[in-house]
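Protein chains in written order, with this note's numbering: chain X, -8 to 116; chain A, -18 to 266; chain G, 3 to 210.
Take these hints with a grain of salt, some might be off.
To be verified - Pairs of lysine-lysine, DSSO-like flavour, derived with a Cα cap of 30 Å:
1) A/Lys79 / G/Lys207
2) A/Lys83 / G/Lys208
3) G/Lys15 / A/Lys109
4) G/Lys19 / A/Lys186
5) G/Lys140 / A/Lys109
6) X/Lys95 / A/Lys242
7) G/Lys109 / A/Lys109
8) A/Lys(-11) / G/Lys208
9) A/Lys243 / X/Lys82
10) A/Lys251 / X/Lys45
11) A/Lys251 / A/Lys188
12) A/Lys36 / G/Lys62
13) A/Lys109 / X/Lys45
14) A/Lys42 / G/Lys79
15) A/Lys9 / X/Lys63
16) X/Lys95 / A/Lys243
17) G/Lys208 / A/Lys36
18) X/Lys82 / A/Lys242
19) G/Lys207 / A/Lys36
20) A/Lys42 / X/Lys82
21) A/Lys35 / G/Lys75
22) X/Lys53 / A/Lys238
23) A/Lys106 / G/Lys207
24) G/Lys140 / A/Lys36
25) G/Lys19 / A/Lys83
26) A/Lys106 / G/Lys75
I should point out that these hints are in silico values taken from the structure, not numbers from a laboratory. In this text, all values refer to a predicted model and were calculated from it rather than measured experimentally.
Residue-level listing of the chains:
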Amino acid sequence: MEIIISNDSDIPIYEQIKDQLKTKIISGELVSGELLPSIRSLAKDLRCSVITTKNAYEELVKEGYVKTIPSKGFYVSTVNKELAKEEQLNKIQDLLESAINIAKMNNFSQKVISDMLNILYEEDK
Amino acid sequence: MENILEVKNLNKQYNDFALQDISFNIPKGMIMGFIGENGAGKTTTIKAILNIIKKYTGEIKIFGLDNRQNSAQINAEIGVVLDDSFFPEIMTPADIAKSMPKIYPTWDSALYQKYLQEFSLPQNKQIKTFSKGMRKKLEIVTAIAHHPKLLILDEPTSGLDPVARREVIDIFQNFIQNEECAILLSSHITTDLEHIADYITFINKGKIILSSSKDDLLNNYGIVKCTEKEFNQFAKTDYLKYVKNKYDYEVLVPNKKEFPKKYPIKVIDKITLDELMIIMIKGEK
Amino acid sequence: MIGFIIKDLAMIKSNFKLLGLLIIVYLFLGLSGEMDISFILPFMSVMIMISTFSYDSYNKWDAYAVTLPNGRKNSVKAKYLATFIIIILMTVITTLSAFLITYIKTKTLNYPDIILNMLGTAIGILVVEALMYPFIYKFGLEKARIGIFIVVFGIVIFGGFILNYVDIPDISLNFLENYWPIILIVIISLMLYLSYRISLRINLKKEY
Chain X
-8 MEIIISNDSD IPIYEQIKDQ LKTKIISGEL VSGELLPSIR SLAKDLRCSV
42 ITTKNAYEEL VKEGYVKTIP SKGFYVSTVN KELAKEEQLN KIQDLLESAI
92 NIAKMNNFSQ KVISDMLNIL YEEDK
Chain A
-18 MENILEVKNL NKQYNDFALQ DISFNIPKGM IMGFIGENGA GKTTTIKAIL
32 NIIKKYTGEI KIFGLDNRQN SAQINAEIGV VLDDSFFPEI MTPADIAKSM
82 PKIYPTWDSA LYQKYLQEFS LPQNKQIKTF SKGMRKKLEI VTAIAHHPKL
132 LILDEPTSGL DPVARREVID IFQNFIQNEE CAILLSSHIT TDLEHIADYI
182 TFINKGKIIL SSSKDDLLNN YGIVKCTEKE FNQFAKTDYL KYVKNKYDYE
232 VLVPNKKEFP KKYPIKVIDK ITLDELMIIM IKGEK
Chain G
3 MIGFIIKDLA MIKSNFKLLG LLIIVYLFLG LSGEMDISFI LPFMSVMIMI
53 STFSYDSYNK WDAYAVTLPN GRKNSVKAKY LATFIIIILM TVITTLSAFL
103 ITYIKTKTLN YPDIILNMLG TAIGILVVEA LMYPFIYKFG LEKARIGIFI
153 VVFGIVIFGG FILNYVDIPD ISLNFLENYW PIILIVIISL MLYLSYRISL
203 RINLKKEY
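Pulled out of the complex, with its shape left as it was, chain X reads as follows (with noise of 0.2 Å):
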């Protein structure tokens, strides 16, 4: 398993492991019912405290993509990949929202953010 840590980043740390965690989780990377690395061994292997690490694990308790066994550990949940699909696209829908009020404040045209946003969406791949 891979997680990538940005200390730059204006993303907290703990939210960007809780992220990476949930794609994987969405992707199916990890699999339901898979232990997951105990919160003080990830904060050393991360290099971040253990507040931090413990934070991500308790939010992603709390959307439910995992679960926590007292005294044996965090694995992950079944989750209902549909709606964690939809959830993500929620999100795109939202950040494209604020992205077209932009444009249109700014008298952009449509054709010029379906463009970028084809031109970027290649770039990416």
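For chain X, the structure is supplied; the task is to place chains A and G on it using the hints.
Frame of chain X; chains A and G shown alone:
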């Protein structure tokens, strides 16, 4: 006992300096970063915790026990690196290996030897031939070889190069894998703490000005950079401190997500512990 | 406490060569002439032990010792015992050497003289330990040196004055004569114990 160390209303008076109402706690399994300028009172606080100074008022509890009444019991389970105080430098690591098993019942000779090798510290050379970094490493190795439950470390990374700092920090993180343990780590180099500390206690001129979870600080605090005109609109309750520069104002705000919703500002930066320390010390209210 | 003694002895191990050399010099002088330097080994050993205080204070060992289990107490106890051990050891070595020298020179052995002589030396040097250590614990080695100098100087002047100008009544001390080694041993033991208690009290309260 949830807290491994509790300091409550610690006061110590010197002629030209005083510790005033120092209070903070370290919960089990956590690393507390103790930051402040040189001379802010870090070492004095640590000396009071360790009974090196005895005349003070207030209460200090380690493992739930009063530190002045139960020092023998407490000392057996703490590991210590002091800023400027260790075995005499005419001794060698091998000499330490001979005396320590008779001082700590729980001394782990194999662990000590393993770390000496890992850090390439020579057995039979006098400590005075060591570089500053090698000395610090030896002090750290000596502090953890009896499997203590609390590490109290005064500037343990000073004098270490970046590679050695990384090695030492790995040791601390290994140590904290046992959730019954805790670390108090003082430093004026905040980058070490930025990564591994769970809590930050910040001392200035003998007073604690902040003691909080590090993630709360770094994720919520921010620095607003703005013009004088913008600054004048801010309510005093919405910011903590500000610094007036030649071209701009730097304003420390406790909630960087809410602040831009209330005031139309252009720049709000996330904060590092260094910047926090500087603006808390230099800034005005 | 044994750990602290090992630490103190480890500190002086580099001086063992010097002491070994002194034994050779002592044997050589003893065999070749009349010069008696039998006091030198015990005396040097107490001096070497006193020098460990300056190494301790240079690296602020005492503050570190406080953080070790029973460190405040055991570091003092160990210093007294390490000094005692090394003085006694050196006295025994010197005594044995003295036996050897007299035996080689005269083919006879004069036990009582040699033993009494060395006992006197050991006691004299233990007095130095008993007097000096509390001063060192209170004031540090540098100031203690001056302090002890003034005290010894004062005793000598005062004693000389008394002996010169005051008539000491001529009490018969005959009954004491056979017992004086034992009496001396008792007195020095008391002195050492008292000195240790004072040093301990000082160190238990000290802030570093």
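Verification of the supplied hints:
1. A/Lys79 / G/Lys207: Between A/Lys79 and G/Lys207 the Cα gap is close to 29 Å, so the pair holds against 30 Å.
2. A/Lys83 / G/Lys208: holds, 24 Å
3. G/Lys15 / A/Lys109: holds, 16 Å
4. G/Lys19 / A/Lys186: violated, 51 Å
5. G/Lys140 / A/Lys109: holds, 27 Å
6. X/Lys95 / A/Lys242: Distance of about 22 Å is within 30 Å: holds.
7. G/Lys109 / A/Lys109: The hint is violated at about 50 Å.
8. A/Lys(-11) / G/Lys208: Given pair A/Lys(-11), G/Lys208 holds - Cα atoms ~23 Å apart, limit 30 Å.
9. A/Lys243 / X/Lys82: holds, 25 Å
10. A/Lys251 / X/Lys45: Satisfied, since the Cα-Cα distance of roughly 22 Å is no more than 30 Å.
11. A/Lys251 / A/Lys188: Holds: A/Lys251 and A/Lys188 sit about 25 Å apart, inside 30 Å.
12. A/Lys36 / G/Lys62: holds, 19 Å
13. A/Lys109 / X/Lys45: violated, 43 Å
14. A/Lys42 / G/Lys79: Roughly 28 Å separates the two Cα atoms, so the pair holds.
15. A/Lys9 / X/Lys63: Holds, at about 19 Å.
16. X/Lys95 / A/Lys243: holds, 24 Å
17. G/Lys208 / A/Lys36: holds, 10 Å
18. X/Lys82 / A/Lys242: OK: X/Lys82 and A/Lys242 at ~21 Å, within 30 Å.
19. G/Lys207 / A/Lys36: holds, 9 Å
20. A/Lys42 / X/Lys82: The given pair, whose Cα atoms are some 49 Å apart, is violated under the 30 Å limit.
21. A/Lys35 / G/Lys75: Given that 30 Å is the threshold and the Cα spacing comes to 15 Å, the pair holds.
22. X/Lys53 / A/Lys238: holds, 22 Å
23. A/Lys106 / G/Lys207: The given pair, whose Cα atoms are some 35 Å apart, is violated under the 30 Å limit.
24. G/Lys140 / A/Lys36: holds, 17 Å
25. G/Lys19 / A/Lys83: Holds - the C-alpha atoms of A/Lys83 and G/Lys19 are around 26 Å apart, at most 30 Å.
26. A/Lys106 / G/Lys75: holds, 29 Å
This entry does not satisfy hints 4, 7, 13, 20, 23, going by the numbered hints stated previously.
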